[in-house]
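Asks: Below, each chain spelled out in residue letters.
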Amino acid sequence: LAVAGLFGLGAPWSTPAGGYFLNVWQTKQGLPENAITAITQSKDGYLWLGTYSGLVRFDGMRFVVFDNNSTPELRGSRVTALYEDEGGGLWIGQETGWLACYKDGRFTILDAAVGGKSRRLFAMGVDEDGDLWTLDHQGVIVRQKDSLPVVPPPGTAAGQVAFAIDSAHRLWVARQGKLSRLDHGRLVLNPLGERGDMYVQGICASRAGGLWVASEGRLRKWREGKGFDDLGPAPWGLSGLTVFSEMQNGLLAAGTVESGLFLDVSSTNFLHFDRDNGLQNWIRSLCQDREGNLWVGAGSAGLVALRAAKVETVNPTNHWQGHTVRSVIPTAAHELWIGTEGAGIYRLAGKDWHQFGEEAGLSNSFVWSVSQDSQGRIWAGTFEGGVFIRSQDRFERVPGLEDLRAAVTAVLHSSNEVTWIGTGNGLLRYEKGKVTAYGETEGLIKPQVRTIAQDADGTVWFGMFGGGLGRIRDGSVRQFLPSDGLSSDSVQCLKVEPDAIWIGTLDAGLNRLKNGRFASITRKNGLSDNVICDLQEDNTRHLWISSHAGIMRLSRDDLDRCADGATNWVPCLTYGDGEGMPTLECSGGMYPAGCKTSDGRLWFPTSRGLVAVDPTEIKKNLLPPRALIEDFLVDGKSQTEAGSAVLPAGRRIEVAPGKHRFEFRYTGLSFTDPEKVQFKSFLEGLDSRWTEPVSSRFVPYPYLPPGDYTFRVLACNNDGIWADQSASIGFRVHPQLWQTWWFRTLAGTAGAGLIAGSVLVATRRRMKLKFERLEHQRAIERERTRIAKDIHDDLGASLTRITLLSQSARAELNDPAAAGDLDRIYDTARELTRAMDEIVWAVNPRHDTLDSLATYLGRFAQGFLATADIRCRLDVPMQLPGWPLTAEIRHNLFLAFKEALHNAVKHAQTGEVRISIVIDEAGFSLRLEDFGRGFEANGWQRSTFDPARPGAGNGLANMRERLAEIGGRCDIKSGPGDGTTIVFVVPVRIAMA
Amino acid sequence: MSRKLYTQPIVSIAVSIIEDDSQARQILSDWIRRAEGFRLVSQHGSAENALASLPKEAATVVLTDINLPGMNGIEAVRRLKPLLPNAQFVMLTVYEDADHIFQALTAGATGYLLKQTPRPELLAALKQVHSGGSPMTSNIARKVVQSFQQRPALSVAADAELSPREREVLDLLARGYLYKEIAESLEISLPTVNTYIRRIYEKLHVRSRAQAVAKYAHFPLGSPALDQPAS
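Heads up: the protein sequence lines correspond to chains A and B, in order. FYI, in this note's numbering the residues of the first sequence are 1 to 993. FYI, in this note's numbering the residues of the second sequence are 1 to 231.
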């Protein structure tokens, strides 16, 4: 690991140290407690944590706690040690001396007490004979099978214990600073041939054989038959080590009680993490996962991940006063000049920072643009404060532009002493005090300039928010808008090349303008984000694009092929949380919003500091994650076996008939950037292929016809590396009585063949239709979601505008006739919005549930009755079954319900309407009681016209029809003076259809 | 007495608007600007912009669209609420989609308004929110009850659970009672009902933060499995 530095100097600005960054999880993220006593990664890939509030399993996203309450067989919750044996048994040592073993989802408990005395377990290990030993905090080591205690002789460092298992499976103990070894259960004193009084602070095994020994303030390596190598003084001095281990890179990690963690320790170098750079000083536990992430339990800091960053964050000591970084440029003198949103300008020279603010002459501290002209002077464009030039350590207004107060968003210096200045209302050409403006008066539409570039011919290109792309060639101006093929009217950044221009937009990805034609590349083509903040090219033909989803790296050739139409997919590597980005949100919309320094590094301003990437150091995470199916829910019920935390392995799960909600919950064990882990799944027996990758960790299925199924899931890691092996679970959905062969046989032999046969044919046809429908269902659902979204977004926005405009206009109007018209426009638009609301609700598959129906009807009734000044009472069970309801059912029910409400308001003359939903085995019923004056219920069927209730007969007939249409029933009970009760009965069979 | 009232400073409500439709934003801004007792501190066209500048502004009520391009209004509230703990967030929405509104409320909002709301009603609602009012409808109450019934996968502090009285208020709301009917039936004052509701909102925020991890894991909370978060 290279200690990162700017231009070869030390790196005081990068936190916490040496290219590592921290992520922290605490109780608010789901840990039961912030003190982590032990950490280990099991062979299946989970991270296991010990706390005083239980054992915790972590998959990168979710903590699952096993404690005294959830898992009584643990006998306690105070975990002090963890160890996994070769056979995959996880041993859990507790403070009370109980020793639990977790294997295949089940816990067994052993007592590690000796002579009735409980022991606080410190470590466990299996020796060269396959026997398990437990070590307690007194330094006494006990063989579990026969409770044989071995008491190594103590040294003088009271309270200190160290433990190691070497590559030959021999156990080593340093008790109170004195080292011993166990050979086949026998104690070996002074095992290294060392002096009997040597003070040993820590020991750990080396993968290459031998033992690392921290002793008497020095670091030593001991090899069998070769003795000691002295590697010099140890950075931790004479402190006892709480953790000590060799990492994947062969270097050492060591933790102490009072002075933090030492990392990458070799004879010449080390990194130090403690309270001063984000960790705490008491290191309790440490584990490196297989991807190389370091997991640390420190004091009460929670779970801390230390990872090597691919992105370096550069911050001055005052951290930009908490402000966003906006703009950055390098100078020939190896300085960086950085503009910020509220903290003025910073200059970084070597490792020296200097800040320039209002006291240096800037009109305000919102600096959106920094630049350097051909004479080497620094220019600063401020937000609504004009533009400045640095002279000595002062910033002064630019001659000829003293009165400029617009937002200066971009400054570009041409080679011929011409400076182009982008402002909120146009582009300025500045030459020796003379200013030419290109703005609305010059014919530009919405000329809010955000970026400027110039090509080799001297043509100036500029991007605008709202005004698209502008071009000034030989003094004439041309504007390109979406009507010309640009994918957005807001352009944030430009990259000019001899034969093409790359255009980054605010909201619609990347565009390429070549031979007069625009081609766009967006998220649909593989980009991680459509907000393009800046474009920089490295020395290997890759574009680095800062965005609101981190920094993307794309091959120029891939981009060209995609823009040419030869492909529609661009492989995209994204640097985000897992690579050390302090935020995913880069700064854009000003120029320059990124730069390249002479050492090849690329720099981007973000809302949480300035970041740098070294394009020559691309390290992919090549370890594909294992996918694991954690649970299978049928109608909400977990299929894990009693007393087990996992699904039964290697055995088919049997599902009783008539179940209609299936859900698989799974995880993918990659810890480098768990939010970027993606999954593909495949239900054999239903799906015909793998799904598209998704990040969600569960997948529901509404209904599955009887048959055998296998659910498979695959995971990929943060860099898109997919595992070869899928996790799978097999299950059988059993048929209903009439779906079984013996029913058919029985029906045949009983001579009822004809009837049974026709039932069978009908059933089979229905099942087939159902099956086909299921296959189409997903596609249709996607389409419905899209339609709902379109209606919602487009029509909704326009209707809102109409209501607002008509109200505004109404307020300014004195003409009563026109005002009346406006009121009608307003009312119509509101009515239309309400109607659209109903359509959106009916169409969106998200609402295909009884709960959503209940919520919607309740809300509608309340609004409707409130305007009529009638009390509304709702009686709906809080938890409703998860029956899927089709849009058709919901729509018809809603219209019938509306009709019923309408009747109640219009005819019942009541003060209260009660609405209830009742669930029974047959299905559900929706009941509406009005306690009003009622009517002669028997009459309605004969007469379509009731003089007392004009139109009522028609309304009631409508309701019956609507219910019949969805296979339900409408019961009406009423009598003069008795009020009216209308019940819509919907059988489950229908609800599930 | 009247003199004393007269000399009391006129409290003006500092409003910020987040709305991507520039015309709608303009009109709403004008309404606020011209209304007595209100002050428009800023208007933003996107959540991203609002995130960058709102913390510097002294808005006491933030009126935000739910459906914004880029980061949506719900996420904006989730991020802004910790930065502006004293500001009240009111969501603006075209349709009364209970799921979206509920999500916004768990994120930190204390109310919502339909975009078609007439000007006087909109201003009245903002005043109410500013003075401690906490609007909640029966369908939202239902979702709140469901969410609190869900046994959290993670430990949630006891003070984030509902008190029995709060639970009563919620139950009545879910059953269709209006605020004044609740006040009558529980024999408490109308402001007390408002206080209960506001406290319920605060507990909802606390829980939602505690469950953020589960949420990011996309395990549905308090909703049927099919009810995935809207894209």
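In short, the hints are calculated from the structure, not lab data. Any given hint could be a false lead.
Claimed, not checked - Simulated crosslink set (DSS-like; lysine-lysine; CA at most 30 Å straight-line):
#1 B:Lys-203 - A:Lys-28
#2 A:Lys-43 - A:Lys-221
#3 A:Lys-620 - A:Lys-637
#4 A:Lys-637 - B:Lys-203
#5 B:Lys-81 - A:Lys-446
#6 B:Lys-81 - A:Lys-28
#7 B:Lys-180 - A:Lys-906
#8 B:Lys-180 - A:Lys-28
#9 B:Lys-180 - A:Lys-898
Asks: So if I understand the rule, the pair passes when the alpha-carbon distance is 30 Å or less; does Lys-81 of chain B with Lys-446 of chain A pass?
Replies: With a Cα-Cα distance of about 33 Å, the restraint between Lys-81 of chain B and Lys-446 of chain A is violated, given a limit of 30 Å.
Asks: For the pair supplied as a hint, Lys-180 of chain B and Lys-28 of chain A, confirm whether the alpha-carbon distance does not exceed 30 Å.
Replies: Status violated; Cα separation ~37 Å.
Asks: Within a Cα-Cα threshold of 30 Å, do Lys-637 of chain A and Lys-203 of chain B meet the stated pairing?
Replies: Measuring from Cα to Cα gives roughly 29 Å; hence the hint holds.
Asks: Could you grab the alpha-carbon distance between Lys-180 of chain B and Lys-906 of chain A and see if it respects the 30 Å cut-off?
Replies: 25 Å, holds
Asks: Check the hint pairing Lys-43 of chain A with Lys-221 of chain A against an upper bound of 30 Å on the C-alpha distance.
Replies: 29 Å, holds
Asks: For a C-alpha distance cap of 30 Å, please report whether Lys-180 of chain B and Lys-898 of chain A respect it.
Replies: 26 Å, holds
Asks: Are the Cα positions of Lys-203 of chain B and Lys-28 of chain A separated by 30 Å at most?
Replies: Distance ~14 Å between Lys-203 of chain B and Lys-28 of chain A Cα, so the pair holds.
Asks: CA of Lys-620 of chain A to CA of Lys-637 of chain A, is that 30 Å or under?
Replies: At roughly 40 Å apart (the allowed maximum being 30 Å), Lys-637 of chain A and Lys-620 of chain A break the hint.
Asks: Regarding the pair Lys-81 of chain B and Lys-28 of chain A, is the alpha-carbon distance no greater than 30 Å?
Replies: 17 Å, holds
Taken one by one, the earlier hints fail for this structure at numbers 3, 5 and 8, listed in ascending order.
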